Amino acid sequence: MLPLPAEPHPRLPLRDTARCEGPRSALLAFHRQAGPHTLVCGPAGHVLAPQELVADATQVTMAGRTSARVPARERDLTSALLARLGLAAFHFPHPQHADRCADDAVLWLRLGLTQHLMGAVLAHLGERTVGDTALLRQPTTKSALAEVAVALLEAESGLRDAAADGPDDTTLRLLHRQLTTSDEALLKLLGANGLTAAGPGATAYVSQVLADLYAPPLPSPEAA
Amino acid sequence: MTRLEHRLRVLQQYVRDEAPALRAAAQELDGHPDGSTLYPQVPLLDRLATLQIPRRYAQDPLVIEGHEYFLTSAVERVVFHEEASAHGDAALLLSAPGSLTAGMLVAALGDDAQQRMFFDRVRARPTWTFLAMTEPQGGSDAANLRTTLTPCDDGFRLNGTKRFIGNAHRAPLGVVTARTGPGPLGIRCAIVDTSHPTCSAGPLATLGMRGALGTLDFRDVPVPEAHLLGRHLSPTRRGMWGWLHAFNPLRCVAAAMGVGIARAAHSYARQHLPQRHDALRRRLDTLGARIRGVQSLTRHAATAVDADPANAHLPAAAKTAAAGLAVEATSTALRLLGPAARLEHPLLDKWARDAFGIECMEGTSHVQAMTVFSALARTDTALR
Ligand SMILES: Cc1cc2nc3c(=O)[nH]c(=O)nc-3n(C[C@H](O)[C@H](O)[C@H](O)COP(=O)(O)OP(=O)(O)OC[C@H]3O[C@@H](n4cnc5c(N)ncnc54)[C@H](O)[C@@H]3O)c2cc1C
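Sequence order for the protein chains is G and X. Reading the first sequence from the start, the letters are residues 1 to 224 in the UniProt record's numbering. Reading the second sequence from the start, the letters are residues 1 to 384 in the UniProt record's numbering.
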């Protein structure tokens, strides 16, 4: 991964867990940052977490406000695919929506997941050949990978340079989209291996679900 | 040809009426922990199973309002698959019985006896078939395949592994590409019966197009000489370069499925987006315009292939555009319906996962780009 010559950042451990260990470990770290028995909600009250954390948590937190869980009012949204990955999702009927999504932790996590995916792509293409040449040495492959590397450097710079209270919602949405686009480009490089349930495509899928649950929603018609 | 002639509109309307039954079945297959064992019975798919058979061997064309459809032209196939994906489900189409891919190769390379043997079996009852080319070490580099057909006293022995094969785990027979000798002329196609004990097939768990793909493993599987396709053709016509053009109509079908997925996502979002949200609705309008463009390109490509089966660049262009479109349309729809659209709208989430499958079917965008470039190089003097 191409590093930025920059100061340490408090979110780097989360990014690095995602990069080195993948989605499940990253989600454990993400929710554990909120404290024991606590799950972090997205702006509309959705949670994605490892199944054991969901079973164990007694409270949820959203934009700094913590509430006790009310299992009877929660809606389970765990799909067959998420369950297969050891994850669970639910909707918590939060009384008020956050004004802003100030929390950029999900983006650092997603950045790490995209880097994790990039690692998988480099390893995969390094082993494959076209004729006698490694796929990794094909000019189009090199250029596609370099483009993703540039996008990741841009995303990390954007995250680092955000205001002290976090990026605004427009920036958060933009960064989420940049990461999704990078994931899509990386998936293409995996060929059909990007489609297998046990392969690196699952990392991209979890990252997309995270964007879906934790990115700031588009402005409502009233606000627009 | 972008506006369909009456006969094709009749076909389109028939599929549009029948396809919605695919939706519930597709969701069941997608949500099943092991979708490979499940195959929902849907009348449209049962009907499709005995179409796409060359006229000479077909007995039961689809007849609607006095029009006959064999679904052997690229244009008819495109209309059918686009509409069934738009109003039904593309992944379920891929899991359906019938002879879409393998039949194409048998029709291109088989002699009369081989075609009769293959198509009689497919026609007798809904039968799954497969076309097995892709191998674990890579699919794009088709010339580098490792599966071998080795001559022996009573024909050939087949050895090798195939991966990402549509319906491999369900089909009793299909077509396998394998090497009989060096170079592209040494790559041959054979009809293979999977009932032999040293042929094993299994499902492949995937994120998208769930239940559609499987793997095949051949260990000294006997293949009679009579099953080797192209015996009656010259070495150049039966070798790899001879049968590659059979993929041109298939690329049109893959493109049609991509357009269909995009249309499904687009109309789903339109239906579920609040009326008053003008700004988001305008984004859907833009997406709608792009869908119409790629739909038109796909229909042009199909018409071109029907006129000249060797036309490779238009199907390649349509397939590339449609693969990108399917991803764009599903992700736009999810974004507009968010937050949590992936979990609150499981059908849309499924189509987004399926959309990526279109990228690889019948060759990745990179492979298609090479084909488009070759055509460009032939027409542009500056590139010569
Ligand atoms: C839904 C679905 C259905 C399918 N059905 C079938 C089927 O029925 N039968 C069958 O045989 N196969 C089938 N396939 C497999 C498909 O044909 C292959 O996925 C495809 O050929 C690509 O091969 P690959 O996945 O091994 O990727 P690879 O060939 O390993 O390619 C990996 C990446 O490298 C790129 N690349 C490859 N070569 C080059 C090069 N020379 N220069 C630069 N970049 C390159 C590719 O574009 C891709 O991005 C199916 C796949 C899917 C997803």
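Mixed in with the good hints there might be a few duds.
As the list claims (entries may be wrong) - Covered by chain G, according to a simulated footprint, are these stretches of chain X (three or more residues, beta-carbon under 8 Å):
| id | stretch |
| --- | --- |
| 1 | 69 to 81 |
| 2 | 114 to 122 |
What the hints assert, rightly or not - A few chain X positions that, by computed beta-carbon distances, are all more than 10 Å from chain G:
| id | residue |
| --- | --- |
| 3 | Arg3 |
| 4 | Gly31 |
| 5 | His32 |
| 6 | Arg55 |
| 7 | Leu62 |
| 8 | Asp154 |
| 9 | Leu185 |
| 10 | Leu204 |
| 11 | Asp220 |
| 12 | Ser296 |
| 13 | Ser331 |
| 14 | Arg335 |
| 15 | Leu376 |
To be verified - Using 25 Å as the maximum straight-line C-alpha spacing, the simulated SDA-like pairs for lysine to any residue come out as follows:
| id | chain 1 | residue 1 | chain 2 | residue 2 |
| --- | --- | --- | --- | --- |
| 16 | G | Lys142 | X | Glu328 |
| 17 | G | Lys188 | X | Ala375 |
| 18 | G | Lys142 | X | Gln137 |
| 19 | G | Lys188 | X | Ala205 |
| 20 | G | Lys142 | X | His366 |
| 21 | G | Lys188 | X | Ala58 |
Hints were generated in silico from the structure; no laboratory data involved. In this text, all values refer to a predicted model and were calculated from it rather than measured experimentally. Ideal Cβ positions, reconstructed from N, Cα and C, are used throughout, including at glycine.
Each hint, compared with the structure:
1. 69 to 81: violated (count 0)
2. 114 to 122: n = 0 at 8 Å, threshold three: violated.
3. Arg3: holds, 33 Å
4. Gly31: violated, 5 Å
5. His32: violated, 7 Å
6. Arg55: holds, 33 Å
7. Leu62: holds, 32 Å
8. Asp154: holds, 35 Å
9. Leu185: The claim holds: Leu185(X) sits with its nearest Cβ about 17 Å from chain G, beyond 10 Å.
10. Leu204: Violated, because the least Cβ-Cβ distance between Leu204(X) and chain G comes to about 7 Å, which does not exceed 10 Å.
11. Asp220: Answer for Asp220(X): holds, closest chain G Cβ roughly 27 Å.
12. Ser296: Its Cβ never comes within 10 Å of chain G, the nearest being 24 Å, so this holds.
13. Ser331: Label violated. Min Cβ-Cβ 7 Å, cutoff 10 Å.
14. Arg335: Arg335(X) not clear of chain G: closest Cβ-Cβ about 7 Å, inside 10 Å.
15. Leu376: At roughly 16 Å from the nearest Cβ of chain G, Leu376(X) sits farther out than 10 Å, so the non-interface label holds.
16. Lys142(G) - Glu328(X): holds, 24 Å
17. Lys188(G) - Ala375(X): Status holds; Cα separation ~23 Å.
18. Lys142(G) - Gln137(X): holds, 20 Å
19. Lys188(G) - Ala205(X): holds, 18 Å
20. Lys142(G) - His366(X): Judged against 25 Å, a Cα distance of about 13 Å means the pair holds.
21. Lys188(G) - Ala58(X): violated, 39 Å
Taken one by one, the earlier hints fail for this structure at numbers 1, 2, 4, 5, 10, 13, 14 and 21, listed in ascending order.
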